[in-house]
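Protein chains: 2
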Amino acid sequence: MQKKPLILISNDDGITAKGIRTLVEIMNELGEVVVVAPDSPQSGMGHAITVNNSLRLDKSFAFEDMGIEAYECSGTPADCVKLAKHHVLKDRKPDLVVSGINHGSNISVNVLYSGTMSAAIEAAIEGLPAIGFSLCDYAHNADFSHIRHYVKKIASEALANGIPKYVALNVNFPSIVKGEIKGIKVCRQARARWQENFDERKDPYGRMYYWLVGDFISEDDAHDTDIWALDNNYISIVPCKFDMTAYESFPAIAQWDI
Amino acid sequence: MQKKPLILISNDDGITAKGIRTLVEIMNELGEVVVVAPDSPQSGMGHAITVNNSLRLDKSFAFEDMGIEAYECSGTPADCVKLAKHHVLKDRKPDLVVSGINHGSNISVNVLYSGTMSAAIEAAIEGLPAIGFSLCDYAHNADFSHIRHYVKKIASEALANGIPKYVALNVNFPSIVKGEIKGIKVCRQARARWQENFDERKDPYGRMYYWLVGDFISEDDAHDTDIWALDNNYISIVPCKFDMTAYESFPAIAQWDI
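First to last, the protein sequences are chains X and Y. Under the numbering used here, the first residue of the first sequence carries the number 1, and numbering increases by one thereafter. Under the numbering used here, the first residue of the second sequence carries the number 1, and numbering increases by one thereafter.
Careful, some of the hints might be misleading.
The list treats identical chains as one, so a pair stands whether inside a single copy or across any two.
[Said to hold, decoys possible] Straight-line distance between alpha carbons at most 30 Å, and here's what the computed BS3-like set of lysine-lysine pairs gives:
# : residue 1 : residue 2
1 : Lys202    : Lys59
2 : Lys202    : Lys93
3 : Lys90     : Lys202
4 : Lys182    : Lys202
5 : Lys185    : Lys241
6 : Lys182    : Lys90
7 : Lys185    : Lys90
Derived from the structure by calculation, the hints contain no laboratory data. Since the model is a prediction, treat every value here as computed from it, not as a measurement.
Construct all of the structure, not just a fragment, from the sequences and the given hints.
Shown next as structure tokens:
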């Protein structure tokens, strides 16, 4: 009998989120699952790592009903993957690292702010095949039923074919309220940004504080982007790399008098 | 008389760090300076933003001796740039955003973990010319004297020529202990990663905790990288973009049966 693939699972909404439970259930059909996930929500943590504090890592009973080995960590999603690789798994090399399913979209430039994707990109830096899954629905009780089939299919293909080295897939799914999914598009990251606003409030002691609020503005009308795909009810897959070098700008900088 | 350029300054070591004071002193010779920086150290925060909590933003007197407008913020470097752009500066558009000078290197893949670079990249997302400066010396009392000339030169060139839109420069300087600087190289981000280890300890109550420790391992011997430049006592400039799409991996994913 062939050995079952080893699948490491993390997320950024925390180990008790509905999204990670859904992902654990699906991956449990494909291989042996180990979960190392944050013990509290880590949304917006980007690629943060914990360097000025120590970390806690404790056995979790979140998936005891399924007999799955799980750990909860006080750190960020990137910390979880580092702890999983170098401490929990040690000599057991995962065949796939999956993160999510995030409650909320991680399209376009949000890949930079996303804890979900930071777990996947951290795995890619380690040379492991990795996928971050996100559903465009922020609800705590979001409905993941319509995407189970696709999550399983995409992970199966990654296990069967591999993912190009040092690449992590950023997979986003339309919400169920948008109706039937039309298919899957491999896309580029759209050019978009947050148009921010700060909601200024006064605390009971008279001191100001601020909430970050904003609208996400697309500056990209093309049809080959993740924004277009999701707007048109396709699943978007953006292969992401972590070499951020802007090669195309070398000639401009080379002309500087430095 | 020509209007002085407006220069926004942030960092990740916090508003009281020696590195940001050095940067403020240098930029004060080039333009009108406004500082919005974290009120405490934010190293390793990557591109984290504060979405589950509110933010504090208070007038700072850290640069009162120089008559410079400054604010300290409870959030991350990316939060500081957002607050600066959308709340503090509002209709005043900075001609340049600089971050640092970081106490410690931000070479290679560390651009992802770096709070210093997240401030610069956040500015680039906003379409502003941006530079992150880092010195390869982690000391609290690091010596910045040998790089003042170069910081001023690079910022002057950026003000004179502009930086390609949506690009942030990641500038790293050799430490003074390495001797005389040989010059400046425009480089690509080296392929390297952390070989991590977790230092496992028992707290006074018998519960385990962990410190992240590790060695930074280069997997890239080429001479066009930031690691090579700094090893050979050059200043490295890596132009960085935030489109993380791995275009070269599209054909492989396109062959999947999905």
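Outcome of the hint check:
1. Within a single copy, lysine 202 and lysine 59 get their C-alpha atoms only as close as 41 Å, which misses the 30 Å cut-off; across copies the closest is 16 Å, which meets it.
2. In the homo-oligomer, the alpha carbons of lysine 202 and lysine 93 lie at most 30 Å apart only across protomers (27 Å), although the nearest pairing inside one protomer, at 51 Å, exceeds that limit.
3. Proximity of lysine 90 to lysine 202 under the C-alpha cut-off of 30 Å is restricted to the inter-copy arrangement: shortest distance 20 Å between copies versus 49 Å within a copy.
4. In this assembly of identical chains, the alpha carbons of lysine 182 and lysine 202 never lie at most 30 Å apart, being 47 Å within a copy and 53 Å across copies at closest.
5. For a Cα distance limit of 30 Å, the shortest separation of lysine 185 from lysine 241 qualifies both inside one copy, at 18 Å, and across copies, at 23 Å.
6. With identical chains, the CA atoms of lysine 182 and lysine 90 are never at most 30 Å apart, being 41 Å at best within one copy and 42 Å at best between copies.
7. Proximity of lysine 185 to lysine 90 under the C-alpha cut-off of 30 Å is found in neither arrangement, the shortest distances being 35 Å within a copy and 38 Å between copies.
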